[in-house]
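Respectively, the protein sequence lines represent chains A and Z.
When we follow our numbering, the leftmost residue of the first sequence carries the number 1, and every step to the right adds one.
When we follow our numbering, the leftmost residue of the second sequence carries the number 1, and every step to the right adds one.
Quick caveat, the hints were computed from the structure, so don't treat them as lab data.
Some clues are possibly wrong.
Said to hold, decoys possible - Stretch by stretch, here's where chain A covers chain Z in the computed footprint (C-beta under 8 Å, at least three residues):
no.: 1; region: 38–46
no.: 2; region: 216–224
no.: 3; region: 238–244
no.: 4; region: 250–258
no.: 5; region: 366–379
no.: 6; region: 453–460
As the list claims (entries may be wrong) - Which bits of chain A does chain Z cover? Going by a derived footprint, with three or more residues having C-beta under 8 Å, they are:
no.: 7; region: 53–63
no.: 8; region: 75–87
no.: 9; region: 91–99
no.: 10; region: 162–176
no.: 11; region: 273–283
Glycine included, C-beta positions come from ideal geometry on N, C-alpha and C.
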Amino acid sequence: MEPGLRTYILKRVGFAVLMLVGVSIILFTIMRLAPGGPEAVLIGGEFSQEAAAQIRQRLGLDRPIALQYLGWAGAALRGDLGRSFKTGDPVAALIRDRLGPTIQLTFGALALALAVAVPLGVLAAVRRGTIWDTLGSAVALFGVSFPSFWLGIMLILLFSEVFHLLPPSGLSEYGREGDLTARVRHAILPTLTLGLIQMASFMRFTRSSLLEVLRQDYVRTARAKGLGGGQVVWRHALRNALIPVVTVVGLSLPTLVGGAVLTETVFAWPGIGRLAVGAVFERDYPVIMGVNLMVAAVVITANLITDLAYCVIDPRISYQ
Amino acid sequence: MIHPILIALLATSIGLTPTASLAAGKDFVIGLSGDATSLNPVVATDGQSYIAEWPLFDSLVELDQGLNVKPLLAESWEVSRDGLTYTFKLKRGVKWHDGKPFTARDVAFTFYSVLDPKVTTPHRAYFDALAGFPELTAKENPKRPEELAVRPIEVIDDHTVRFRLRYPSGSFLAVLVNPRAGIVPEHILKGTDLNTAEFNRRPIGTGPFRLVEWRRGERLVMEANAEYHGGRPALDHLIFRIIPDSVVLLQELRAGGVDFIENPPLTEVARLKQTPNLKVLAADNTSYTYFGWRQDLAPFTDVRVRRALYHAIDVPSIVREVLQGYAAVATGQFPPSSWAFDPSVKPYAYDPARAKALLAEAGFKPGPDGVLAKDGKRFSFSVRHDQANQSVKDTAVIIQEYLKRVGVEVQLEPLDWPTFVKKLFASEFEGIVVGWTNHHDPDPFAYTIWHSSQWKGRNFAHYKNARVDEALEAARRTGVTAERKKHYAELSKLLMEDAPYVFLYFPQQVYVTRAGYEGFVPIPTFAGIYQSLKSVRWTGR
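Based on the sequences and whatever the hints tell you, model everything.
Below, the structure written as structure tokens:
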């Protein structure tokens, strides 16, 4: 590894850690500034001021907020994210249980989006101005315009109600968890829903980026050398054109996670997104902190990896 | 990550057909909109947990469709002549799901846990009548049961347990029913912190079903308890699937992914009734929705104003439009299914002209902008409500419109539930529209909502009426139902005269199930239908 790259990585990692600390402080404060509290949810219809005070004391919410944060941060540093106010489960275990379905969904959607968007984007750029280009743009516009909850429900109505092809929701069926076909059948609609939205932006980026690259001198040179059209596009132009696309893919991760929240709710998909939404509505502070911190860590790491990926795609980029 | 997609494409290419894996008629799938949080009946607080723990735990007694108490874990009971001692004979041969015998010690342990101030439980106040209640539940230095001169709960032998009360209470038997009073095992829970015990996730009960699997946010699976003291249930498995979106839940029902759902969108019910393989069930409920305000704020302190607000709102039309008829118009605190309900009490008729006249009588005159005003103050106030409850939301909007027609201005303030509840109990509101839970026995809620000693509790609207206090106290301190009935009838009359709220409606609980399943008993209390899961069977018709 070249020394410049090493310094760069170290600097970025240090910065990432600082960022996480900052995120946790902001999150902790905002959460407590939000009106309401976990007492109402914990007590239910039999609420009373006395019971609320008792709960606040049990959960340590009666202490000054700075002390609460330090207590939480100290434990978090030791790897203890605390327990859910609502269920008493360790937060780390809750996240671990929900991580698998979310990873499957988001990465499946990402893979699907890229697998469709890049070839379509190339097609639209190469056949610029033809029906392919118009069609591609139309699909892209379609994709970005749909809110995922609406798209999800429409897909369910179409594939479940009308065609009776796919199950409407869930991760798998009871007694068939090991059955890969059943799992895939359940995964198709949510993956499609989440993927379609990303697909649109990836395609547009591939198209515009490739169009730009195709106008450059080295591409003309390659053509002048007598290389075939396909080789010029796929081997010479696309590689450079993908750099902005990689950035967009990296930056899309928060959007994907955000989209997963809605998609998971619609499809009854037991992932992180639903855990987070439930925790927010129930003011389950430890779970909110745990999930958000994990998402922040993932996003920061993804951005770091994106930056590093540049030099793999384009050897001219170096980190001096 | 490419693999699932390739496989997906492959699966698509080979043709997809729905496959049934569950044993038809034996595995019953129930769709729930949210997950349970705790399966320990002592500490659970939410509706989903109540539903899920019902098949797992038995209580001493249970309710029938007329809300009468009948034996369950208790075989029989005797009440002393003074109404202060209840002695229960317990059923013999009852076993916990782990095979250990159920005894009177479990009963004592359960209710002492409810009384223990270290345990966060919503049910403590229901046991106010127990001897030693103030000492055991004191905030400072609570006593332990063995420190009391008279034991409130005494284990006579393995199959006999005695409760001692400090005053005769007509509601005592009624609070010993599921889902709030399921009995938990002493041999597993003794010495643990009930708030966080592992038991709350892996419960052991004496109920007709035992827990097999709980995948958080996904499903709960229970299997029939072959040793059940009431006979093995007809169904082999209960599978509770968590599906948050109501449209998707409905679609799962149509597609065969679930067999039973509750609270479908009411606008869909007419269509569901036409669907040949589905059956719609409706059950009365004790929870009610009302439009209330702070009793101690002007101009609500004037009874003419309160009655005017009642006259201004057409409640039956709200029931028709918002609830699609699946509700009973409320005439007070008690639902028509309750023995405490008094049919002679009638609500104020919808009469906007009368409303205007009453407001004029109270000194209000139309201002330049059409809103009534008195002494330069416009009759304008905010109404807070829960933003997540669709029928409450719709009701609030309609109320706003009705009041506008008589010259009263309302600003709606939807809040999320935790915020809303906090503001309610801090009495930080002017007006409210609330859907409020209620107990099937009149006392626990009527007393805490209307008695003037409860301003810091559920009487957050700050109602005060000496005659109402008197009726509530009299009803509380007698065990004779006929006496109680008389006092509650008096309460209902007083409340209607005083018009402290606009009592709106008691929504029904609507369920949809696959035709062919029989045996549901819609007990008119919260989630009461789930009690009958043990007798539900598949007839195939």
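Consistency of the hints with the structure:
no., hint, in the structure
1, 38–46, "holds (count 3)"
2, 216–224, "holds (count 5)"
3, 238–244, "holds (count 5)"
4, 250–258, "holds (count 5)"
5, 366–379, "violated (count 0)"
6, 453–460, "holds (count 3)"
7, 53–63, "holds (count 3)"
8, 75–87, "holds (count 3)"
9, 91–99, "holds (count 3)"
10, 162–176, "holds (count 12)"
11, 273–283, "holds (count 6)"
Violation of the numbered hints given earlier is confined to hint 5; every other hint is satisfied by the structure.
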